[in-house]
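Number of protein chains: 2
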Amino acid sequence: MENTPRTEISTLGEFGLIHHLTKNFELQHAFSVKGIGDDAAVIDNTGKLTVISTDLLLEHVHFDLLYTPLKHLGYKSVVVNLSDIYAMNAEPRQITVSIAVSNRFSVEALEELYEGIYKACEYYKVDLVGGDTTSSVKGMVISITAIGEATDDALVYRDGACPGDLICVSGNLGAAYMGLQLLEREKRIHIENPEIQPDLSDHAYIVGRHLKPEARRDIIAAFSTAGLQPTAMIDLSDGLSNDLRHICEQSGTGAIVYEKQLPIHEDTFSMATTFNIHPTTAALNGGEDYELLFTIAPDKVDLLQDIPHVTVIGTIQDRDSGILLETNQGKQIDMPAQGWNHMRKS
Amino acid sequence: MENTPRTEISTLGEFGLIHHLTKNFELQHAFSVKGIGDDAAVIDNTGKLTVISTDLLLEHVHFDLLYTPLKHLGYKSVVVNLSDIYAMNAEPRQITVSIAVSNRFSVEALEELYEGIYKACEYYKVDLVGGDTTSSVKGMVISITAIGEATDDALVYRDGACPGDLICVSGNLGAAYMGLQLLEREKRIHIENPEIQPDLSDHAYIVGRHLKPEARRDIIAAFSTAGLQPTAMIDLSDGLSNDLRHICEQSGTGAIVYEKQLPIHEDTFSMATTFNIHPTTAALNGGEDYELLFTIAPDKVDLLQDIPHVTVIGTIQDRDSGILLETNQGKQIDMPAQGWNHMRKS
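For the protein sequence lines, the chains are A and B, in the order given. Using this note's numbering, read the first sequence as starting at 318 and increasing by one per residue. Using this note's numbering, read the second sequence as starting at 318 and increasing by one per residue.
None of these hints come from the bench; they were simulated from the model. Just so you know, not all the hints are guaranteed correct.
No copy is singled out in the list; a pair is fine if it fits within one copy or between any two copies.
Calculated cross-link-like contacts (lysine-lysine; reagent style DSS-like; alpha-carbon spacing at most 25 Å) [as the list claims (entries may be wrong)]: (1) K577 / K365; (2) K436 / K617; (3) K529 / K648; (4) K388 / K504; (5) K577 / K388; (6) K442 / K648; (7) K388 / K442; (8) K365 / K504; (9) K340 / K617; (10) K648 / K388; (11) K388 / K617; (12) K388 / K365; (13) K577 / K648; (14) K340 / K365; (15) K442 / K365; (16) K455 / K442; (17) K455 / K648; (18) K617 / K442; (19) K577 / K340; (20) K455 / K577; (21) K648 / K340.
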């Protein structure tokens with residue numbers, strides 16, 4: 318960054334800054350009635366239900382700017398919110414973005430962040446309709462609210478799973494977690510030996526899954542085309558083990574997951590082995606995959622052939638049977654639980 | 318706090334904490350279809366437009382816990398967002414609340430914060446429908462999104478003011494700012510002489526205006542009853558001078574404000590004098606009043622008699638005439654502008 322121009326945020330002021338960063342964001346949807354620039358945004362969802370999700374991301378807790386390019390951070394911050402809207406079987410339409418930054422950040426740095434936000438808005442066809450820009454004493458805070466819409470009969474909650482339903486997952490599991498482990502290791506090496514530059518090109522898949530995840534819009538679209546309505550759904554942000562627990566608790570059920578069915582990418586498997594982490598542990602407890610975990614009635618199984626990248630990994634059971642993992646050795650054990658790390662680390 | 322019980326947040330974990338803090342929040346509205354506990358909240362605004370506003374509040378930037386009771390902070394954090402919704406002439410219906418806290422805060426401290434949030438939800442009849450709880454390395458961050466509804470013809474934007482319109486303001490100006498100055502002074506005295514306990518009881522009005530502001534729901538209700546539709550409106554968060562500028566810029570107009578018309582409470586006046594601050598400066602540039610600044614067509618002036626606590630302070634003019642203050646001495650000067658302090662301070 319040393320040779321790039323640096324404009325102090327204070328030269329623009331709050332309103333100048335918002336205008337500067339968002340001037341290229343044009344509203345794409347007629348139903349985004351009013352965007353940035355008033356007390357509130359106005360949305361016309363008449364005839365449909367409004368779906369709202371919000372996330373708060375803090376530097377040093379949720380992201381590390383040592384290895385996270387700001388453009389990717391902007392992109393990812395949007396994607397993780399959209400993922401929540403898709404997990405309702407709804408369509409995201411708008412976002413609001415609030416950021417707090419210290420004067421350590423230049424206008425150019427924020428431009429990069431907003432370039433990523435812009436890319437995500439463009440790719441997922443959502444309008445940036447509001448937000449707030451303020452200062453922080455130290456570090457960066459990003460708060461994003463995503464707004465979507467759905468018809469009442471399309472919405473899928475976490476509480477609709479029934480015993481006998483098949484447990485399905487999109488894509489593969491644990492890749493983002495192994496990407497994060499690799500980045501953290503390279504960071505430690507670089508701090509100890511600043512002359513060593515990490516070469517991550519052999520590990521582009523897992524690093525990309527951490528730095529630039531995508532939300533599974535394609536799966537939601539395929540549900541609609543196939544006429545498949547999941548009975549329950551959640552996006553995998555806290556790891557399969559935690560997120561399946563949410564579905565089971567809210568549906569009042571148990572579940573069994575088959576270890577041999579867990580979809581794990583070969584690069585995830587290989588990096589887990591390098592780190593002496595059991596690949597199943599990465600798949601069960603690694604967070605931030607942003608894949609969809611959903612359940613379907615057993616008589617709908619034929620419709621799955623029209624949904625790409627989906628694996629059946631288990632079955633919903635009665636609550637009394639608990640939440641189980643059947644290992645590759647055929648033993649049924651309690652699903653390994655992992656607490657919420659963010660709070661424990663602090 | 319030394320004799321009160323202290324429960325570490327880590328004993329509850331993220332999901333336990335959210336549940337613990339929000340278990341008394343019941344949805345009040347049938348149109349809040351789904352609240353906390355899924356990927357997103359679901360709102361039925363079918364037939365009306367959805368209005369969204371969001372704010373990000375950081376400790377040491379937007380609030381100081383040395384003199385801000387957590388319960389008041391929770392209450393105020395909600396109110397400042399609702400104020401934005403009312404400023405659209407809309408009705409707030411739901412909020413989402415995300416907080417980030419370090420382990421310096423106990424569960425009991427967060428309970429106090431949520432007690433204030435609860436009081437505001439109860440008083441303003443809004444449902445808490447979602448949010449996020451996470452850790453911070455240091456300090457507290459609060460992010461609130463307010464969701465409201467309005468019919469298309471009721472909404473009032475910032476861009477509808479026309480030359481000749483009357484500029485009106487609810488309540489009085491500068492009180493919250495003088496309350497803040499007093500609290501900051503007492504804080505400095507207390508830090509230098511810890512044995513001196515501030516007695517703020519003589520200044521309850523201005524201190525209350527800073528610590529526990531209210532949003533002007535009553536004015537919005539009176540508009541509806543009186544059949545008065547403002548041409549433009551904004552809530553006063555950044556000070557009259559800044560906020561009037563927003564209306565003028567977006568409406569493409571100028572304005573003239575009469576110093577002698579500015580409504581200033583006697584306690585504000587007296588404290589400003591004590592601080593050697595011109596009371597007009599407090600009224601023009603003091604932020605966080607959360608009063609409504611609005612414009613009405615001149616032929617609607619008779620309807621103002623049905624709107625309580627409103628003062629006509631000036632007139633919208635052509636853009637070319639600029640934004641002027643006519644002083645008590647009859648001189649017309651450029652409205653004193655004040656930049657955005659939050660970013661400059663950092």
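*Any hints this thing doesn't respect? Which numbers, in order?*
1, 2, 3, 5, 6, 8, 9, 10, 11, 12, 14, 16, 17, 18, 19, 20, 21
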